[in-house]
Structure formats: structure tokens, C-alpha cells
Amino acid sequence: MALATAAVIAGFYLLREHWGHVLGYWPYLLLLACPLMHLMHGHGGHGGHGNHAQTPRRTNNDKE
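If you read the sequence shown in my numbering, its first letter stands for residue 16, the second for the next number, and so on.
Worth flagging that the hints you see were computed from the coordinates, not collected in a lab. Any given hint could be a false lead.
[Unchecked claim] Pairwise CB distance ranges, derived in the manner of DEER restraints:
no.	residue 1	residue 2	range
1	LEU46	ALA17	30 to 40 angstroms
2	LEU51	LEU29	13 to 23 angstroms
3	LEU30	MET52	12 to 22 angstroms
Keep in mind it's a predicted model, so treat the numbers as computed, not measured. Think of the CB as a built atom: it goes at the ideal place given N, C-alpha and C, for glycine as much as any other residue.
Based on the provided sequences and hints, a complete structural model is requested.
Encoded structure:
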């Protein structure tokens, strides 16, 4: 917890000192964040969306 707090404080002061530089790159950082979020999000979170069982499709040759 102390390490996380120290990292947040250090990040705040670093951002505060270099705000002019960061502000110039802000649009590019936002554009870069989109593909990075797609690459790094988990792919296992879609299990609760309903029944995804494959059912065979009926063809014209199938008789009732």
C-alpha cells in the first residue's frame, strides 16, 4: 500500500513538472490507448451472455 501511495505521489509531481510536454502529446496518447486497451483486455469475460451451444441448422433436405 505504501509503495502504491509513493508511486501515485511521484507520478503527480512528475506530471506537474512536465505538464506542458504531456499536454502536447495528449491527443496521440488517447489514440494509442484505444488499440492498447483492445490488446490487453481479457477474453474470458463473455461467459454469461446466454447459451452459445451450436445447434445444427435445418436444410431443405431435412424432413419433418
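Hint by hint, here is what the structure shows:
Judged by the Cβ atoms, the range 30 to 40 angstroms given for LEU46 and ALA17 holds: they are separated by roughly 35 angstroms. At roughly 20 angstroms, the beta carbons of LEU51 and LEU29 sit within the given window of 13 to 23 angstroms. Between LEU30 and MET52 the C-beta distance comes to about 21 angstroms, which sits within the given range of 12 to 22 angstroms.
In summary, this structure violates none of the numbered hints.
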